[in-house]
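Asks: All chains should be built: construct the whole structure from the sequences, respecting the hints.
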Amino acid sequence: MTVKSISQDNLNISYEKKGLKDGIIASLPIAVGYIPIAITFGVIAQAAGLTLVQALSMSLFVFAGASQFVGVNLIAMGVPFAEIVVTTFILNFRHFLMSSSLVTKFAPMRKGLLAAIGFGITDETFSLASLQPGKLGAAFLLGLNFTAYTAWAFGTGLGVILAAGMPPMLQSSMGIGLYAMFIGLLVPSMKKSIKVAVIAIAAGITNLILYNYLSVGWSIILATITGALIGTFCFKGGKK
Amino acid sequence: MDNYFLLILAMAAVTLLPRIFPLIFLHELKLSPKIQQFLGNIPYAALGALIIPGIFYSTGNFTYSIVGASAAVLLAYFNFNLLLVVLGSILSIFLFQIWF
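Chains as they are written, first to last, in numbering that gives the first Met the number 0: chain A, 0 to 239; chain B, 0 to 99.
Hints are supplied without guarantee of correctness; some may be wrong.
[Said to hold, decoys possible] Restraint-style ranges between C-beta atoms, simulated for each label pair:
1. Lys235(A) - Leu8(B): 30 to 40 angstroms
2. Phe232(A) - Asn2(B): 41 to 51 angstroms
3. Leu28(B) - Gly77(A): 38 to 48 angstroms
4. Phe77(B) - Trp217(A): 31 to 41 angstroms
5. His26(B) - Lys190(A): 41 to 51 angstroms
6. Pro52(B) - Asn72(A): 16 to 26 angstroms
7. Gly111(A) - Tyr76(B): 40 to 50 angstroms
8. Ile65(B) - Leu161(A): 27 to 37 angstroms
9. Lys29(B) - Cys233(A): 18 to 28 angstroms
10. Glu27(B) - Lys190(A): 47 to 57 angstroms
11. Asn80(B) - Thr149(A): 19 to 29 angstroms
[Claimed, not checked] Distance condition first, Cα-Cα at most 30 angstroms in a straight line; then the derived BS3-like pairs of lysine-lysine:
12. Lys20(A) - Lys191(A)
13. Lys191(A) - Lys110(A)
14. Lys190(A) - Lys134(A)
15. Lys16(A) - Lys110(A)
16. Lys134(A) - Lys29(B)
17. Lys16(A) - Lys190(A)
18. Lys20(A) - Lys134(A)
19. Lys235(A) - Lys29(B)
20. Lys190(A) - Lys235(A)
21. Lys134(A) - Lys33(B)
22. Lys235(A) - Lys191(A)
23. Lys20(A) - Lys190(A)
24. Lys33(B) - Lys110(A)
25. Lys134(A) - Lys110(A)
26. Lys134(A) - Lys191(A)
27. Lys190(A) - Lys33(B)
28. Lys33(B) - Lys191(A)
29. Lys20(A) - Lys33(B)
30. Lys29(B) - Lys191(A)
31. Lys20(A) - Lys235(A)
32. Lys134(A) - Lys235(A)
33. Lys16(A) - Lys33(B)
34. Lys235(A) - Lys33(B)
35. Lys235(A) - Lys110(A)
36. Lys29(B) - Lys110(A)
The set of hints was computed from the structure by calculation and includes no laboratory data. Bear in mind that the values here come from a model prediction, so they are computed numbers and not experimental data. For glycine and all other residues, C-beta sits at the position ideal for the given N, C-alpha and C.
Replies: Here you go:
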């Protein structure tokens with residue numbers, strides 16, 4: 000038994016053409032997960048002394064959750080800007096791996112569109128797009144990324160304006176949102192394929208060990224490579 | 000003030016580069032089957048690494064995180080829609096806090 004999406008990939012067939020609207024709808028779970036986190040970011044940015052314009056432009060130009068939190072934290076600590084930029088680079092370098100993987104699912108498209116789509120690649124948009132069956136068109140990808148982007152920017156602005164934040168009980172509940180989405184993407188694939196289960200668990204365990212010794216960025220990169228290599232060399236012929 | 004803006008632009012540049020570079024250079028490039036297989040495994044490996052151990056710290060309370068994670072796994076196992084998995088997991092922690 001092969002996973003449906005994998006067999007479709009190998010045959011280079013996409014059964015239905017997914018457009019802008021499908022991308023927007025597919026992105027709703029990300030939007031739900033992003034808004035509370037973006038609000039939290041807005042609150043923290045404001046507390047660190049950033050103005051509304053500064054906090055918003057960070058969300059609009061950088062669009063990377065983890066590195067924005069770390070960045071604002073380092074700003075508040077008075078860390079030199081060059082050091083903040085290097086930290087951001089290390090933290091986001093995992094997207095290099097993700098982009099390399101995702102592009103193998105792209106339908107042919109113009110270079111300009113590739114750059115626009117690339118800007119919107121986050122852990123969440125990457126995961127969601129990767130597990131879609133068939134080839135991915137530019138309209139679908141732009142709809143997906145743009146919806147996530149809008150939610151992120153909207154939440155940031157709201158956070159700075161609210162500043163006091165949401166009721167703590169609701170806020171702590173909503174922290175699980177994006178992780179629940181990752182689980183919602185992963186578990187159905189694990190059910191269908193032992194290989195997927197082994198890859199994901201191997202990467203998780205590797206990260207659990209490495210994050211004690213390395214920065215978050217390097218730890219996730221090495222754990223991802225380890226899991227993917229185990230899947231490549233322990234399962235012959237790309238089956239199951 | 001201006002310095003902040005320069006910092007943000009520099010952060011944007013180092014974030015954008017690793018995201019765009021592979022798209023431009025690997026798009027429509029023929030890769031060997033082994034490399035294709037490796038790249039095909041990346042999403043599952045990345046998900047594993049993104050979930051563990053981050054999920055345990057996601058709510059600021061270990062017990063709440065376990066409750067939310069269990070609800071998500073259960074809903075996902077029975078193939079509920081992704082949005083319902085997210086909302087159900089959030090709701091499970093919210094109810095847990097009210098009841099316990």
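Asks: Could you run down the list of hints and mark each one as holding or not?
Replies: Hint by hint, here is what the structure shows:
| no. | hint | verdict |
| --- | --- | --- |
| 1 | Lys235(A) - Leu8(B): 30 to 40 angstroms | 48 angstroms, violated |
| 2 | Phe232(A) - Asn2(B): 41 to 51 angstroms | 48 angstroms, holds |
| 3 | Leu28(B) - Gly77(A): 38 to 48 angstroms | 44 angstroms, holds |
| 4 | Phe77(B) - Trp217(A): 31 to 41 angstroms | 36 angstroms, holds |
| 5 | His26(B) - Lys190(A): 41 to 51 angstroms | 32 angstroms, violated |
| 6 | Pro52(B) - Asn72(A): 16 to 26 angstroms | 20 angstroms, holds |
| 7 | Gly111(A) - Tyr76(B): 40 to 50 angstroms | 41 angstroms, holds |
| 8 | Ile65(B) - Leu161(A): 27 to 37 angstroms | 29 angstroms, holds |
| 9 | Lys29(B) - Cys233(A): 18 to 28 angstroms | 25 angstroms, holds |
| 10 | Glu27(B) - Lys190(A): 47 to 57 angstroms | 33 angstroms, violated |
| 11 | Asn80(B) - Thr149(A): 19 to 29 angstroms | 21 angstroms, holds |
| 12 | Lys20(A) - Lys191(A) | 28 angstroms, holds |
| 13 | Lys191(A) - Lys110(A) | 35 angstroms, violated |
| 14 | Lys190(A) - Lys134(A) | 23 angstroms, holds |
| 15 | Lys16(A) - Lys110(A) | 20 angstroms, holds |
| 16 | Lys134(A) - Lys29(B) | 16 angstroms, holds |
| 17 | Lys16(A) - Lys190(A) | 26 angstroms, holds |
| 18 | Lys20(A) - Lys134(A) | 16 angstroms, holds |
| 19 | Lys235(A) - Lys29(B) | 21 angstroms, holds |
| 20 | Lys190(A) - Lys235(A) | 19 angstroms, holds |
| 21 | Lys134(A) - Lys33(B) | 20 angstroms, holds |
| 22 | Lys235(A) - Lys191(A) | 17 angstroms, holds |
| 23 | Lys20(A) - Lys190(A) | 29 angstroms, holds |
| 24 | Lys33(B) - Lys110(A) | 26 angstroms, holds |
| 25 | Lys134(A) - Lys110(A) | 17 angstroms, holds |
| 26 | Lys134(A) - Lys191(A) | 20 angstroms, holds |
| 27 | Lys190(A) - Lys33(B) | 24 angstroms, holds |
| 28 | Lys33(B) - Lys191(A) | 22 angstroms, holds |
| 29 | Lys20(A) - Lys33(B) | 35 angstroms, violated |
| 30 | Lys29(B) - Lys191(A) | 28 angstroms, holds |
| 31 | Lys20(A) - Lys235(A) | 38 angstroms, violated |
| 32 | Lys134(A) - Lys235(A) | 24 angstroms, holds |
| 33 | Lys16(A) - Lys33(B) | 28 angstroms, holds |
| 34 | Lys235(A) - Lys33(B) | 10 angstroms, holds |
| 35 | Lys235(A) - Lys110(A) | 35 angstroms, violated |
| 36 | Lys29(B) - Lys110(A) | 17 angstroms, holds |
In terms of the numbered hints stated before, the structure departs from hints 1, 5, 10, 13, 29, 31 and 35, listed from lowest to highest.
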